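A.B. asks: These protein sequence lines map, in sequence, to chains A and B. Mapping of the first sequence onto my numbering: residues 1 to 342, in sequence order. Mapping of the second sequence onto my numbering: residues 343 to 430, in sequence order.
I should point out that these hints are in silico values taken from the structure, not numbers from a laboratory. What you are looking at is a predicted structure, and each value in this text was computed from that prediction instead of being measured. We put the CB at the ideal spot given by N, CA and C, even for glycine. Don't take every hint at face value.
Unchecked claim - Once the Cα atoms are required to be at most 20 Å apart in a straight line, the calculated SDA-like pairs of lysine to any residue come out as:
1. A:K271 to B:I423
2. A:K150 to B:I423
3. A:K51 to A:F265
As the list claims (entries may be wrong) - Just the calculated beta-carbon pair ranges, DEER-fashion:
4. B:R349 to A:G304: 46 to 56 Å
5. A:R101 to B:K399: 48 to 58 Å
6. B:I404 to A:S221: 42 to 52 Å
7. A:D154 to B:T400: 16 to 26 Å
8. B:G401 to A:K334: 20 to 30 Å
9. A:F305 to B:S426: 51 to 61 Å
10. B:G401 to A:Q340: 19 to 29 Å
11. A:N338 to B:S426: 29 to 39 Å
12. B:P382 to A:K254: 28 to 38 Å
13. B:T400 to A:E98: 34 to 44 Å
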Amino acid sequence: MKVAIIGAGIAGLATAYFLAKEGVKVKVFEQKFLLHGASGRNSGGLTAQFKDEELIKLALRSEELYEKLQSEIGFNFLLRRSGYLKLAKTKEELEEVEFQRRFGLKLKLLHAEEVGEIFPDINTNAFKFASYYPRGGVVFPWAVIWGLAKGCKDLGVEIHDFKKAEVVVENGKVKGVSAGEFHEAEVVVNSAGAWSKEINEKLGIKDERVIVKEEICVTESIRPYLDPYILHVSNGLFLSQSMRGEIVGGIVGKSNGGVGSSFDFLVRYAKLATNLVPKLKGLSILRQWAGVYDEGINGKPVMGFSKVQGLYQLNGFGRNGMSIALACAEKATKEILNAQLR
Amino acid sequence: MRKVVCRCEDLTEEEIVHAIELGYDDIESLKRYTGATTGPCQGKGCLMHVLRILSQKTGKSIDEIGITTQRPPVNPVPLYILASGEEK
Ligand SMILES: Cc1cc2nc3c(=O)[nH]c(=O)nc-3n(C[C@H](O)[C@H](O)[C@H](O)COP(=O)(O)OP(=O)(O)OC[C@H]3O[C@@H](n4cnc5c(N)ncnc54)[C@H](O)[C@@H]3O)c2cc1C
Ligand code: FES
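Extracted from the complex, chain B is given alone in its bound form:
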């Protein structure tokens, strides 16, 4: 069965495991190489699954792996709304 981990980027558990085996075995490298957590939901749906797989494969605890830096904005904002903002 195809176990989808990240729906936004259509990534399976197998693909994540393969990337870890290629050496992308820290969370920052893994998310960049696979695209996991970088889709429209920005990881809300998949970050915990990705961390679990990484933890299982590397034997590191979730704390040791660390949560990846949230890049603002949290919700996508269209350019025309930003463009109407006040310039400092």
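Next comes chain A alone, as it looks inside the complex:
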């Protein structure tokens, strides 16, 4: 079987890797360089604190897959399981905790003062409650992509970068993709992230997903200081420290299009960040950028074959791709292999 995969983000590359392990001939097409999409622009926060059973299961399976893939491929993803902290002004905003515990998540519901014991420099007046997931943490997204690409290449997957792909359909059935030249394939995977909507619409497939833009920035590097990944659910602020020592942070995105970076964002971010962790005041911002992601209906990813025969959808990861996409890619691989048997 031949499979063509559109998009070299975490979803596309992981699927390519799993399929190649089953002996499938796989080609991956990336319109720009690897890391051009959301997988190269995100904050690497890993959690299973979701409001949906399926998402929780996918996140737990992804936790296992990170460990498995690191050793299988022989590449360090620079993953640190030092906890994921969701902060909130009201208890209602963390109601999900009860539900999550039922699925076996080991969570702690904390008062602001107790968070101060985990991270003394936090301003305990900036929030009231927190949900702490000790198994959560931070991964270096670039290393995940580099590692997956290495694993793919070791298995003979062809990765064509700087090649924008278009799906070629005949009589309602995929024939392959055109990317400069024609590449034949029985199955085409649409894992083009925020761009996958455009691909679908071109094929006449209705797609109601929302495209979200999110801005983010990094400070200069400092010594290891901030252990957990922090997300303030009441105002959208997120903060963590990368393995390179930079403080990576931003504000959860809004669907307003464009990928530019704005000064207005820096001001808003600086106010929120220095209010939550006053000691960050003296740090300088070195770089800022923006990324786009595609949100599935009800916050769930879109997975499965579509009405064009042979076209598999693997998108809609929203702000959770790093936490769940590995397990989704594993599931996609099974479904693609099964369809071929029938």
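Starting from the known structure of chain A, arrange chain B with the ligands on it as the hints suggest.
C.D. replies: Positioned in the frame of chain A, the structure of chain B with the ligands alone reads:
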């Protein structure tokens, strides 16, 4: 002799060449993989050297390689100064 290309990130010409040989052979991938041009000076001291090496190794002209997107702010700004800005 150790030929340092990027002082901020302490990178030698050899390390840059090695990364290009591993397949990080476009400027966006190369700077992310090696860290070149991402130090405190944000490439003021090394971008031209990195482009030259990449051009020599790949046979592409500097124009074909393209200059990488400048990410504002150009000079590092401390958070407390930004935080005193006006919110729109
Ligand atoms: C600022 C920010 C912060 C985030 N923080 C987190 C976080 O903390 N935790 C978390 O879990 N998630 C986070 N996310 C979300 C996460 O980054 C995404 O869910 C995930 O990366 C999506 O992966 P993907 O493979 O589906 O898409 P992408 O990584 O976007 O990959 C799609 C690729 O397809 C390529 N492409 C598009 N069209 C074509 C075409 N026609 N031909 C060829 N190639 C094409 C694109 O160039 C792109 O590289 C964040 C996102 C952003 C932007
Ligand atoms: S010399 Fe390379 S970033 Fe400063």
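A.B. asks: Look at each hint and say if it fits the structure.
C.D. replies: Cross-check of the supplied hints:
For the proposed pair A:K271 and B:I423, the alpha carbon gap of about 10 Å is at most 20 Å, so the pair holds. Between A:K150 and B:I423 the alpha-carbon distance is near 42 Å, which puts this suggested pair outside the 20 Å criterion. Distance hint between A:K51 and A:F265 is unfulfilled; the C-alpha atoms sit about 28 Å from each other, more than 20 Å. Between B:R349 and A:G304 the CB atoms are about 51 Å apart, so this pair conforms to the stated range of 46 to 56 Å.
Our hint of 48 to 58 Å for A:R101 and B:K399 holds, since their Cβ atoms are close to 55 Å apart. Between B:I404 and A:S221 the C-beta distance comes to about 30 Å, which lies outside the given range of 42 to 52 Å. Between A:D154 and B:T400 the Cβ separation comes to about 23 Å, which falls inside the hinted range of 16 to 26 Å. With their beta carbons about 43 Å apart, B:G401 and A:K334 fall outside the hinted range of 20 to 30 Å.
At roughly 54 Å, the beta carbons of A:F305 and B:S426 sit within the given window of 51 to 61 Å. Checked against the hint of 19 to 29 Å, the C-beta distance between B:G401 and A:Q340 comes to roughly 41 Å, which is inconsistent with it. Separation of A:N338 from B:S426 is about 59 Å and departs from the stated range, judged on CB atoms against 29 to 39 Å. Range check, B:P382 to A:K254: Cβ separation about 31 Å, and the 28 to 38 Å hint holds.
In this structure the hint that B:T400 and A:E98 lie 34 to 44 Å apart at CB is violated, the actual value being about 57 Å.
Violated hints, listed in ascending order, are 2, 3, 6, 8, 10, 11, 13; each of the other numbered hints is respected by the structure.
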